[in-house]
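J.: Chains as they are written, first to last, in the working numbering: chain X, 1 to 288; chain E, 1 to 288.
Heads up, some of the hints might be wrong.
Since the list gives no way to pick out one identical chain from another, each pair is judged satisfied if it fits inside one copy or across any two copies.
EDC-like mimics (lysine to aspartate or glutamate), calculated; alpha carbons at most 16 Å apart, straight line [unchecked claim]:
{"#": "1", "residue 1": "Lys192", "residue 2": "Asp248"}
{"#": "2", "residue 1": "Lys192", "residue 2": "Glu77"}
{"#": "3", "residue 1": "Lys38", "residue 2": "Asp226"}
{"#": "4", "residue 1": "Lys283", "residue 2": "Asp253"}
{"#": "5", "residue 1": "Lys103", "residue 2": "Asp226"}
{"#": "6", "residue 1": "Lys192", "residue 2": "Asp48"}
{"#": "7", "residue 1": "Lys33", "residue 2": "Asp48"}
{"#": "8", "residue 1": "Lys192", "residue 2": "Asp253"}
{"#": "9", "residue 1": "Lys21", "residue 2": "Asp253"}
{"#": "10", "residue 1": "Lys238", "residue 2": "Asp276"}
{"#": "11", "residue 1": "Lys103", "residue 2": "Glu71"}
{"#": "12", "residue 1": "Lys258", "residue 2": "Asp197"}
{"#": "13", "residue 1": "Lys21", "residue 2": "Asp139"}
{"#": "14", "residue 1": "Lys224", "residue 2": "Glu265"}
{"#": "15", "residue 1": "Lys224", "residue 2": "Glu71"}
{"#": "16", "residue 1": "Lys258", "residue 2": "Asp276"}
FYI, nobody ran anything at the bench for these hints, they're computed from the structure. All values derive from a computational prediction rather than experimental measurement.
There are 2 protein chains.
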Amino acid sequence: MQIGFIGTGVMGTGIVLNLLKAGQSVVVYNRTKAHAQKVLDAGATWADTPQVVAQQAPLVMTMVGYPSDVEAVYTGENGIFAGIQAGSIVVDMTTSTPALAVKLTALAHDHDVQALDAPVSGGDVGAQNATLTVMVGGDRAAYDRVLPVFQQIGQRVNYFGTAGKGQHTKMANQIMIAGTMTGLTEMLVYAKAADLDLPQVLTTLSSGGADNWSMDNYVPRILKGDYTPGFFAKHFLKDLRIALQEADRMHLDLPATKQAKLLYEAMVDDFGLGNDGTQGLIKTYEQD
Amino acid sequence: MQIGFIGTGVMGTGIVLNLLKAGQSVVVYNRTKAHAQKVLDAGATWADTPQVVAQQAPLVMTMVGYPSDVEAVYTGENGIFAGIQAGSIVVDMTTSTPALAVKLTALAHDHDVQALDAPVSGGDVGAQNATLTVMVGGDRAAYDRVLPVFQQIGQRVNYFGTAGKGQHTKMANQIMIAGTMTGLTEMLVYAKAADLDLPQVLTTLSSGGADNWSMDNYVPRILKGDYTPGFFAKHFLKDLRIALQEADRMHLDLPATKQAKLLYEAMVDDFGLGNDGTQGLIKTYEQD
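The shape of chain X in the complex, shown without the other chains:
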């Protein structure tokens, strides 16, 4: 089966390379063609628009930046829905809004097309090593058909229900991470000010009830002054904004997540550090 893939950024590139490695035939489109060179060199073919991708592939996957990019890629003039064949499947892997997932699914059904929302976690390393976690919502029959493809790019694939449920699960994931990131940042700010031996604090805390993945992975990087992105702060801020919009829509008040969003807003919008990794949050405390 020909697979169409739109969006060959860091994540998309890793995913497409794994699909090619698994023997799939992949046709790609990316807004900036130069950024597709790596997958083209590895055997993918090029299409000039999302529409052309959709004309050539019965399974179209997308991994772009923001919900507005998702909408443009699907519903724009030369978008996927302009080229899609009845009986096809579309899969949006962008972390985007549950509401947009519902809307795109309805539009897909108008074209006799099935749709999935399938955001991932695991970052660039997970994309490269095919160890992503894939959180899927949407048409169950489509999930069953696409599962073997997901398994070529991810380690843990789970179906969470109707359209938008994949995105909701990803939001739950990001809300949890907002807690670990703000916690580890303020822990480190405090421990530095108290003049503690920071590696020894890390060892002690990770042996008990304070242990968490973010601390174990990001504190050593911060202590080395390494703020390169495992995950871009600007993308994390996007995710927190979506999570809080959805929370509002469900009449939920999430004060700790709101506070985390304010902190990442300061980092990205006021300090201009959106291209740092999420661990760069600590810089905003040090510039007070």
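Fit chain E to the known structure of chain X by using the hints.
T.: Okay, now just chain E, sitting in the frame of chain X:
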């Protein structure tokens, strides 16, 4: 060596039982004598005041409730300093303020006594199983002498420096946990509202970057409606208040930890849930 132990609550009881099991001779005092019965039955002896404990033991350990209790036990009319012999060692294991640890150390030195602050993490289970993490500050020579005793009650024992550094490390630990607890609570509130399969969300999140000890341990309890305390919310609130007072003193602004304190304040003071475990925070969201 005779060991004096003041404070036979849940934590103190577990610790004293392990000292007795290790062959130590222990004399105890507790404000409510009935709560010492378990350790008396196991072989500890009773003293009527902290002063008498100090008269009988060259090593006096304390594990009481609040900093005000610590101060009373050491400096009160029938307190430790009224009975202590020169050359003795005092060890406060209560989670208390770094400033009080510094003050008690100075007072101890006036009596030719050495002092340690040695708060622990690991909860009642850690106290029972001798798997506590012990974070020690204070007189280095005293630490070297007491280390074999700490090793009878804890699994990981670390020296962090001068008086108060043990308490500062414990505060860093609690600041980190404030992040994981608020994060897991809001994650769960969101996931419930989005009607996700909660055990499946937990499995998915713990396989990736959102993983943390608090989520793995408390979410299953919350899903069973189990709010019994592994760690009392009222004690966690006390710790967050100390952490934020210390942060203020060091001219640090920790907005996420402040927000966590506000949430636990609502739980303990407004909802009267201080005797629940820290995982009971989610009840305050559900009662909105």
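J.: Indicate, hint by hint, whether the structure satisfies it.
T.: Cross-check of the supplied hints:
With identical chains, the CA atoms of Lys192 and Asp248 are at most 16 Å apart between copies only, with a shortest distance of 14 Å across copies and 36 Å within one. In the homo-oligomer, the alpha carbons of Lys192 and Glu77 never lie at most 16 Å apart, since the shortest distance is 54 Å inside one protomer and 38 Å across protomers. When the C-alpha separation of Lys38 and Asp226 is checked against a cutoff of 16 Å, the pair qualifies neither within a copy, at 26 Å, nor between copies, at 52 Å. In this homomeric assembly, Lys283 and Asp253 come within 16 Å of each other (Cα to Cα) only across copies, at 13 Å, whereas the closest approach inside a single copy is 28 Å.
Taking the shortest Cα distances, Lys103 and Asp226 never come within 16 Å of each other, neither inside one copy (40 Å) nor across copies (39 Å). Within a single copy, Lys192 and Asp48 get their C-alpha atoms no closer than 52 Å, and across copies no closer than 42 Å, so neither meets the 16 Å cut-off. For a Cα distance limit of 16 Å, the shortest separation of Lys33 from Asp48 inside one copy, 9 Å, qualifies, whereas the shortest one across copies, 82 Å, does not. Taking identical chains as interchangeable, the C-alpha atoms of Lys192 and Asp253 lie at most 16 Å apart only when they sit on different chains, with a minimum of 13 Å there against 32 Å within one chain.
In this assembly of identical chains, Lys21 and Asp253 lie within 16 Å of each other by CA distance neither inside one copy nor across copies; the values are 45 Å within and 49 Å between. In this assembly of identical chains, the alpha carbons of Lys238 and Asp276 lie at most 16 Å apart only when taken from the same copy (14 Å versus 35 Å across copies). Taking identical chains as interchangeable, the C-alpha atoms of Lys103 and Glu71 lie at most 16 Å apart only when both belong to the same chain, with a minimum of 10 Å there against 63 Å between chains. Taking the closest pair of Cα atoms, Lys258 and Asp197 never come within 16 Å of each other, the shortest separation being 31 Å inside a single copy and 24 Å across copies.
With identical chains, the CA atoms of Lys21 and Asp139 are never at most 16 Å apart, being 27 Å at best within one copy and 61 Å at best between copies. In this assembly of identical chains, the alpha carbons of Lys224 and Glu265 never lie at most 16 Å apart, being 24 Å within a copy and 36 Å across copies at closest. Proximity of Lys224 and Glu71 under a CA criterion of 16 Å is satisfied in neither setting, with 40 Å inside one chain copy and 40 Å between copies. Taking the closest pair of Cα atoms, Lys258 and Asp276 never come within 16 Å of each other, the shortest separation being 21 Å inside a single copy and 25 Å across copies.
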